Amino acid sequence: MTQNNYDAIIIGGGHNGLVAAAYLAKAGRKVVVLERRHMVGGATITEEIIPGFKFTEFSYVVSLLRPEIIRDLKLPQHGLKILPLPSTFTPTGTGDYIAGWDDHDTTRREIYRHSPKDAEAYDEYSRRMARLAKAIKPILSILPPDPTSLHPKDLMGLMKLGQFASTLTEKELYGLAKIMTQSAADMLEEWFETPALLGTKSASGIIGTFLGPRSPSTAYVLLHHYMGEIDGAFRAWGFAKGGTGGIAEAIASSARAFGSEIRLNATVKQVIVKGGRAVGVALENGDEIYAKAVLSSADPFVTFLKLVEQKYLPEDLIHAIKKFRTRGSSGKVNIALSELPNFTALPGENILHNGAVSISPSIDYIERAYDDAKYGRFAKEPYIDMIFPSKIDPDMAPPGKHVMSCFVQYAPYDIEGGWDDAKREAFGETVISTIEKHAPNIRRAIIGKQVITPVDIERIAGITGGNIFHGELLLHQLFFMRPATKWSGFRTPIDGYYLAGSGAHPGGGIMGSPGKFAAELALKDGI
Amino acid sequence: MNIYDTIIIGAGHNGLVAAAYLAKQGKKVLVLERRDIVGGQVVTESFGDGFTVDSLHAGGTLRPDIIKDLNLASFGLVVDSVRKPFISLQPDSNHLVLDANPAKAVESIKRFSEKDAANWIPFLNFMDKVTRFIHAANETIMPRLPKGFNFSEGVDLAKMGINLRMMGGADMMKIIRGIPMTADEFVDEWFESDVVKAAIASLGIHGFTLGVFGAGTGYTLMHNWANRGGLSNVSAQGGVGKITEALASAVKSFSGEIRTGAEVKRILVDTFTCKGVVLTNGEEISAKNIISAADPKHTFLNLVGAVNLPPELVWNVQSIKMRGSVAKVHLLVDNIDAVVAGATHASPLPATFVIAPSIKYLEQAYDAAKYHSISEKPYLEVTTSGNVVSVHFQFAAYKLKDGDWKTEGAKVEKVAIETLAEYFPNLKSSIVNTKTITPLDMEQTYGLTEGDLNHGQIMLDQFMFMRPIPGWSNHKTPIDNLYLCGSGVHGGGGISGASGWNVVKVLK
Chain A
1 MTQNNYDAII
11 IGGGHNGLVA
21 AAYLAKAGRK
31 VVVLERRHMV
41 GGATITEEII
51 PGFKFTEFSY
61 VVSLLRPEII
71 RDLKLPQHGL
81 KILPLPSTFT
91 PTGTGDYIAG
101 WDDHDTTRRE
111 IYRHSPKDAE
121 AYDEYSRRMA
131 RLAKAIKPIL
141 SILPPDPTSL
151 HPKDLMGLMK
161 LGQFASTLTE
171 KELYGLAKIM
181 TQSAADMLEE
191 WFETPALLGT
201 KSASGIIGTF
211 LGPRSPSTAY
221 VLLHHYMGEI
231 DGAFRAWGFA
241 KGGTGGIAEA
251 IASSARAFGS
261 EIRLNATVKQ
271 VIVKGGRAVG
281 VALENGDEIY
291 AKAVLSSADP
301 FVTFLKLVEQ
311 KYLPEDLIHA
321 IKKFRTRGSS
331 GKVNIALSEL
341 PNFTALPGEN
351 ILHNGAVSIS
361 PSIDYIERAY
371 DDAKYGRFAK
381 EPYIDMIFPS
391 KIDPDMAPPG
401 KHVMSCFVQY
411 APYDIEGGWD
421 DAKREAFGET
431 VISTIEKHAP
441 NIRRAIIGKQ
451 VITPVDIERI
461 AGITGGNIFH
471 GELLLHQLFF
481 MRPATKWSGF
491 RTPIDGYYLA
501 GSGAHPGGGI
511 MGSPGKFAAE
521 LALKDGI
Chain B
528 MNIYDTIIIG
538 AGHNGLVAAA
548 YLAKQGKKVL
558 VLERRDIVGG
568 QVVTESFGDG
578 FTVDSLHAGG
588 TLRPDIIKDL
598 NLASFGLVVD
608 SVRKPFISLQ
618 PDSNHLVLDA
628 NPAKAVESIK
638 RFSEKDAANW
648 IPFLNFMDKV
658 TRFIHAANET
668 IMPRLPKGFN
678 FSEGVDLAKM
688 GINLRMMGGA
698 DMMKIIRGIP
708 MTADEFVDEW
718 FESDVVKAAI
728 ASLGIHGFTL
738 GVFGAGTGYT
748 LMHNWANRGG
758 LSNVSAQGGV
768 GKITEALASA
778 VKSFSGEIRT
788 GAEVKRILVD
798 TFTCKGVVLT
808 NGEEISAKNI
818 ISAADPKHTF
828 LNLVGAVNLP
838 PELVWNVQSI
848 KMRGSVAKVH
858 LLVDNIDAVV
868 AGATHASPLP
878 ATFVIAPSIK
888 YLEQAYDAAK
898 YHSISEKPYL
908 EVTTSGNVVS
918 VHFQFAAYKL
928 KDGDWKTEGA
938 KVEKVAIETL
948 AEYFPNLKSS
958 IVNTKTITPL
968 DMEQTYGLTE
978 GDLNHGQIML
988 DQFMFMRPIP
998 GWSNHKTPID
1008 NLYLCGSGVH
1018 GGGGISGASG
1028 WNVVKVLK
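Protein chains in written order, with our numbering: chain A, 1 to 527; chain B, 528 to 1035.
Quick caveat, the hints were computed from the structure, so don't treat them as lab data. None of the values given here were measured: they were computed from a predicted structure. The C-beta atom is built at its ideal place from N, Cα and C for all residues, glycine as well. Incorrect hints may appear among the rest.
Short, incomplete list of chain A residues facing chain B, as computed with Cβ under 8 Å [what the hints assert, rightly or not]:
| no. | residue |
| --- | --- |
| 1 | E367 |
| 2 | D371 |
| 3 | K374 |
| 4 | Y375 |
| 5 | L475 |
Listed next, the in silico SDA-like pairs over lysine to any residue satisfying Cα-Cα at most 25 Å (straight line) [said to hold, decoys possible]:
| no. | chain 1 | residue 1 | chain 2 | residue 2 |
| --- | --- | --- | --- | --- |
| 6 | A | K292 | A | A27 |
| 7 | B | K926 | A | E189 |
| 8 | B | K656 | B | V761 |
| 9 | B | K928 | A | T92 |
| 10 | B | K848 | A | A121 |
| 11 | A | K137 | B | I706 |
| 12 | A | K322 | B | K887 |
Please work from the sequences and hints to get the whole structure.
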């Protein structure tokens, strides 16, 4: 069966694929999204794994979704509702806790309880981070130029970058240079001394990376998360109504409203290339679909090495993609609970259950967890970031019952001996016994659980290596080097074939920018 | 009335290079050295009968252009033209011998991987380009951001940029990408054998408190390679001390003055202008300019004093990461030939041996430093000179969690000997004398804050225009007439002498 009536085919119905589809459809193009699974969302899904309990299976919070995308695609009209996550609660492991709030003064008072010095530092720290985040944010919207190219387009890009740099003060420039290169631990230890505060803050520097808080360049990842914004408000993390699946559904609904078609259970086997141009795709079931352009929101490895024949690609690009680091480092444990965990540091159900609970008593605690992973083991005492979606959105669990989402690091994709059921079980057990140390009732409260390893992320969400960012946010994998030098511009060596996933600039998280950029470029190229 | 144009604090190689250039220009120069001998880190010392060693650095030399400019050959400096083979010892005796002769190295690499062997010569060619780039970068004075685009500084930067661009887009990009990489990733771009990768990656952590999985060790690998001109050092005949002796002779021949046993206590500052120095014996000496070759932390916090500095700068200086984790273990043996003859490998001396059998081994050695302890299975680089075996030991953290350096030196010595004895079974019975230099000794004897050989770690946030601190990468300081020229400034780290040379250009 052959069809030849699309302007663009989008491979993958994750949030980036859907964003690309929506923008193209909005511009009047005829678009089809091809999703391998029975549902849209990719790694941005909510599923009822245990009857009555809805799990945000993979990604669980939202902060980076670009406000212009929310506006352009009218997402609130399509059901997007972001509920605030007002706090972070960290048991210190010594019977006490430290909490952070979405209100500066409340947080400051709480820090003061632990260290007056840290409380004072916190004022200036917050100001600086906010300034830096604001300073760096425009980079997210700049298409990376190639600094080695003498092409006018790139020289213009460099000039734009220079113009941007000249708007920054000397202090901001150095601050930026430092934060791009430092370790999260080195940066934070310049400011604070309270171990649990340091631990919790440094944890933002390691999420999704295969690095420890003492690894240089993790401060950037911290800032990347700090840039989180919802509707333009800085530093607000949120939970989407209905879980992160609610976001994908809102974007899908928007795309459909603009006229985009979305096909489920449609696995793309190969991109069809004719005369050096992508002209369509062949599906696993033998169908062929033709279009003027193909946008892949799959990761770079799949996009370049699996979906197209290598003869169409230059040798150095193939080499670069093979070396592109996509080491998954995190797992998820999603749990259905009969009651909320009762934390010994703050007994009873309380307002902190509305926010995140972080098992990160110190920097060294997290660093040791990383040490396990770098030698091929899952962390014996992992860093865990928990939220209780049912507390924020009661529809997520039956009345009186709860769901709990635990993001766990580190769980290396390349575990010694490979992942199997026994190891997955042991990993889940490690997570539960780690939580049990802080909330002894957890074990008896468990109704059921789902343990997701990086291998499961790869298998279910189709992300190579199970890396939640489609490729680690390492310095040499950012900006004009993401995913490869010379090919950071969403275009590929094959005309009409675009990379539209998190493996492109500016990277992962539920941001939507790569999808938007790729769609805009495709339109500019005249599809 | 100033008798001196310039006082230089510290007679290490950088201080002496600066002094020699200035004296050669006819300036009236005084070098003040705390110790009774000149040389700083670059010294050859005697620890007993027949026990003369290069205390901290087992080789290395100044940039050839400096040697030529100062005509150091005429002051007795002879640099070996032969580069020692670099031998990575393996537990199974299947050693990797990276000879300076590429063809021989290729033969040895073949035993581990045919593919790696084929990549060796292209890799060497690439590293030649890297070396050219780093030399160009090191002779460029790093301007302040973003005020650095004045004409004179701009020309230097442009030259560096052109140098980089001349390598062709592909190689330029490879170098740029290599800078933030980990040493592991850097070598992984070229090689597949863990043995080959680890041997080369060891250069990325040599002298630094970072693991091969640490971002930026791609740069430190290139930095060490460029300074050495290859995997192993070339050496000055008679030891590294000959380098600083020749420099001192040059200074004197240009009528410069050097005083040893003269420790500077304070730099005299009056409203952000320095007037001179006061020595520990109370003597005051004034001069128009003061150049400190001491590390930036010592210079700013101890010699200038926080009260004389802007608070922001004090905070930045306090934040400089000084993290010594190198110890030296020197072993005098009664018969080096017998030690070598009994080894698990056949190799004629001289050679540079490394204990860096795998990437994981190197990273594990570093884990100890992270938690402030001493590696049980250390990364070692070993050289011999006469009957002395010199061991560069990593990692031994300056700040120990348990115990202190008054006693823990014995542990380092024991671990070093036990580790080496696995490869040189005759070693233990042959030892007649030992001398261990701990990170604390490096601070107390050699004046290196926290035992940091580089006067501040070379990390991505502390290199180029971030070195030693943001805003002051151009050798200047907020104190008028006070300049920096030690390893803590860009160009520094290693024995190249570039930062001592650069300060002279700034003074002009």
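Hints, verified against the model:
1. Nearest Cβ of chain B to the Cβ of E367 (chain A): about 7 Å, under the 8 Å cut. The hint holds.
2. With its C-beta approaching chain B no nearer than about 6 Å, D371 (chain A) sits inside the 8 Å limit, and its interface hint holds.
3. Among the interface hints, the one on K374 (chain A) holds; its C-beta lies about 6 Å from the nearest C-beta in chain B, closer than the 8 Å criterion.
4. The beta carbon of Y375 (chain A) comes within 7 Å of a beta carbon in chain B, closer than 8 Å, and the hint placing it at the interface holds.
5. Given the 8 Å rule on beta carbons, the hint for L475 (chain A) holds: about 3 Å separates it from the nearest Cβ of chain B.
6. At most 25 Å may separate the alpha-carbon atoms for a hinted pair to count; K292 (chain A) and A27 (chain A) meet this at roughly 15 Å.
7. Note on K926 (chain B) and E189 (chain A): the hinted pairing holds, with a Cα-Cα distance of about 16 Å set against a maximum of 25 Å.
8. Of the supplied pair hints, the one linking K656 (chain B) and V761 (chain B) holds, its CA atoms being roughly 19 Å apart against a limit of 25 Å.
9. Restraint check: the Cα-Cα separation between K928 (chain B) and T92 (chain A) comes to about 21 Å, which is no more than 25 Å; the hinted pair holds.
10. At roughly 20 Å between alpha-carbon atoms, K848 (chain B) and A121 (chain A) fall within 25 Å of each other, so this suggested pair holds.
11. Restraint check for K137 (chain A) and I706 (chain B): the C-alpha separation of about 24 Å stays at or below 25 Å, so the hint holds.
12. With a CA separation close to 21 Å, the supplied pair K322 (chain A) and K887 (chain B) stays within the 25 Å bound.
In this structure, every one of the numbered hints holds.
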